[in-house]
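**Q** These are the residues of each chain, in order.
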Amino acid sequence: MIIGVLFIFYLVYRIYQLAAHPAYGPDTWLRFAISGLILGSVYALIAIGYTLVYGILFMINFAHGDVMMIGAFGGFFVFEALDAIHVPSTSNPHLTFLNAYPVIAVLLAFIVGIGIASLTGYFLERIAYRPLRRAPRLVPLISAIGASIFLENAGQLLFGTQRRDYANPTILERGTGWNLAIGSGTVVVPYTGVFTVILSCLLMIGLYQLVRRTRLGRAMRAVAENKPVASLMGIDVDSVISRTFIISGALAGAAGVMWGIHLGLVFSYVGFIPGIKAFTAAVLGGIGNIPGAMLGGLFLGGVETLGPPILGIGFQLKDVIAFGILVLVLIFRPTGILGEVLTEEKV
Amino acid sequence: MKVGLQNNLRLGIVFGIVMIFLMLIGFNLIAANLIGSFFNTGDADVLNMLLFIGLVGLWLGATAAKQDNLWLSAAINGAIAGAVCGLGLAGMVLLLGSLFEAGVTLSTYLAQLVPSTMKAILFGAAAWQAALVNWVIFALAGALGGILSYLLRLEGWRKRLSSIWVRQRASTSQQPIIQAIRSYPRSRMIIYGLGLVVLFILPLGLSQYRNYIIILTGIYVLLGLGLNIVVGLAGLLDLGYVAFFAIGAYTAALLTAPQPHHLQWSFWVALPIAVVLASLAGVALGVPVLRMRGDYLAIVTLGFGEIIRILLKSDLLTSFTRGPQGVNTIGGPDFHGLSSGVGFVYLIFLSILLIILVTTRLQNSRIGRAWVAMREDETVARAMGIDVVKHKLLAFAIGAAFAGLAGALFASQNRSIGPEDFALMVSINVVALIIVGGMGSIPGVIAGAFVLKGLPEILRQLQDYRILTFGALLVVMMLIRPEGLIPSRRRRLEIHEDEPELTEGTTAVEGGKA
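If you're matching them up, the sequences are chains A and B in order.
Using my numbering, the letters of the first sequence map in sequence onto residues 1 to 347.
Using my numbering, the letters of the second sequence map in sequence onto residues 1001 to 1514.
If we strip away everything but chain A, and leave its shape as in the complex, we get (with noise of 0.2 Å):
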């Protein structure tokens, strides 16, 4: 408690301290604010699989982040052979396809990324949770961290292990963006992470849209409330519980997928980090609940831009900042910022 009081003193003097003696422009500040969102939109959308799969079936699908890197290299080896196939026009003898149809390679590259992921889920459901259904919770839990030890390594040995570069269309060129001019300087706002934002804002809303007003929505929300009843009820509890896979799995590659088009940077172990953060965001928002997903992962993109400046320490300490909030959450709230109070049976 001391500690909360004396943190949130801390906080206030910090920002009374920046007021009065600006460290960085306002420019700097939206640049801040704007890395914030677009981090925190993917974010969000890795933490919504979380959420989904701790909705129903209680356990930490430590292998999420993993799932987000097939994804990511899904639309990486998109790209790559888009990039390879030659469309040659008399403006441009090396026109690629990538570049000549961005739109339709942006497409697939989501269509495929998606798709395995989506793929990627289902199996692991199917192989490495579904029997152990009963089982005591450490126990999905430990096979959960072997999968995703599993999927790094595969990862690893099929795709190597150096760092690579995603292609993007030229329309989608990272770096580039609209200007701004604030104040002194000048703001880039990224085609990328305007792309990353939008597109995870309509994946949201109609994932939420799915599970308030569909069938299947419905389905998925009986098993989370209570799955002897629900299956007395005549739904397959088995087989919801796939979709649910299947649905964050494809939500987690469509973030690896936009990860890759606005970081630029894939590898094996690119969606660890991401994973843990993510689902730190879903533990902020309240597990099990989609918009607390949202919201959490929001929150967390900007805490781990801004707060560095605004506590005036190195960004190198940004990851210390989201775990101290995530420890100081669940000491004060633990149920998140809207989470309902859970039982103590889910608990």
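It is possible that some hints are incorrect.
[What the hints assert, rightly or not] Here are some chain B residues pointing at chain A (derived, C-beta under 10 Å):
| hint | residue |
| --- | --- |
| 1 | Y1209 |
| 2 | K1313 |
| 3 | D1315 |
| 4 | I1428 |
| 5 | D1464 |
| 6 | V1476 |
| 7 | E1483 |
[Said to hold, decoys possible] Here are some chain A residues the structure puts well away from chain B; computed CB gaps all over 12 Å:
| hint | residue |
| --- | --- |
| 8 | Y10 |
| 9 | I34 |
| 10 | L157 |
| 11 | A219 |
| 12 | S242 |
| 13 | V283 |
Derived from the structure by calculation, the hints contain no laboratory data.
Where a beta carbon is used, it is the ideal one built from N, C-alpha and C, also for glycine.
Assemble the complex: chain A is given as a structure, and chain B must be docked to it using the hints.
**A** Chain B in isolation, oriented as in the chain A frame:
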């Protein structure tokens, strides 16, 4: 018949996917090498590759024809499964082969498919030939496997063999000598004593590398025993256990190293300080998380572990811990007359024995029973008058103290440590090893440490595939034997609660956790 066909198709597809995966990670070549050294047919040549594929095909065929009672249908079923699997594999070989022949450097995308591996996969022939050979071999081997499995079942040899085995076992266990040894009350002590003597003579005869493996495994045994108290006995899932390991290691390192603090204290002074500091850190973590349970606790402790690692690495503490560079030339204990490797093995053995002693004493004490009660149901435990706060903190403190000891030993053995030695993976390895070994059981922890840390070091041939296998092993282990290799009796009963034949003869069946 239709169900059978569907099953065969599914089996063929599963095998096909696995085979394609193995081919893409270049495992075929390794397998061919292994087969080559086994049959003495030399290094990876075409024959060994074909043998490998044929063996897998036989296995597939035998699995597909498991329930057939006619040799013809067994052969057909095996052949169908083999053909489906072979078709997938042949398609992949054709695709990769034609890309390879077109001059694409496949290894830029699929790292293992360097030209020499590609040549081996294509049997040195053209792509279409290799694909055809793959397909034909799988279909033929599948059919052969089906017939073989039919023939083997026909004789009923398996049943006869197992009955002989059971009879043999029953008769040996009834032999008077074994009976006498079993009934002699001290025999257990004597066997343990002999085991100890062997353990203490063993390091003298082993190479330095083997001793290093023993030390490494021993450090993980220490960590496992410590976490066993927190997770296995008190039921508090701690995924940030590496933090205490790091605190112990850094304390010992900073106190004994010439850089950055010029202290250079003796190892024997630094060791208890490391243990005490680690256990204080355990209490410090324990206080805020007292109210948490289950996965929330796991994630908070995970965060704590990461915070410690990032702080060690950061600029903030560079002057104190030397940041990402880590601490070098850490002082170690001085062994009079023994080479440091062997001396260290003894030190590790002694620590393990000490900790085993402490753990067993704790386990059977009032405190141990309070932990178990808390793990089973905290509310009931509280109602029974158990001081939950005190016992939780005690579990964290003792677990952390063991990790601190392990850390100090690790630092002085390694002579140099850095923040990356304390990654999240260490915590996960330790959790995995106590669960694979058998939660709450001391022999289980030792077995788990050996299987997860010792074996991979010995099986260096498969070096690239080690961690992959480790991951797969964890999943498989949870699927087929979730209670662990050597489970404690209580744990086994908990996991097999709904299987009456295992709980037979026990009056008090443990209530499972919700």
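**Q** Confirm or reject each hint.
**A** Quick rundown of the hints versus the structure:
1. Y1209: This hint is violated: B/Y1209 lies away from chain A, its Cβ roughly 24 Å from the closest one there, beyond 10 Å.
2. K1313: 7 Å, holds
3. D1315: This interface hint holds because 5 Å falls under the 10 Å limit.
4. I1428: With a minimum Cβ separation of about 6 Å from chain A (threshold 10 Å), the hint on B/I1428 holds.
5. D1464: Hint holds; B/D1464 Cβ to chain A Cβ min 6 Å, cut 10 Å.
6. V1476: 8 Å, holds
7. E1483: Check passed: Cβ of B/E1483 comes within 9 Å of chain A, closer than 10 Å.
8. Y10: Label holds. Min Cβ-Cβ 15 Å, cutoff 12 Å.
9. I34: Since the minimum Cβ distance to chain B is about 25 Å, A/I34 lies beyond 12 Å and the statement holds.
10. L157: 4 Å, violated
11. A219: Holds, because the least Cβ-Cβ distance between A/A219 and chain B comes to about 24 Å, which exceeds 12 Å.
12. S242: 16 Å, holds
13. V283: 6 Å, violated
Of the numbered hints stated above, those contradicted by the structure are hints 1, 10 and 13, listed in ascending order.
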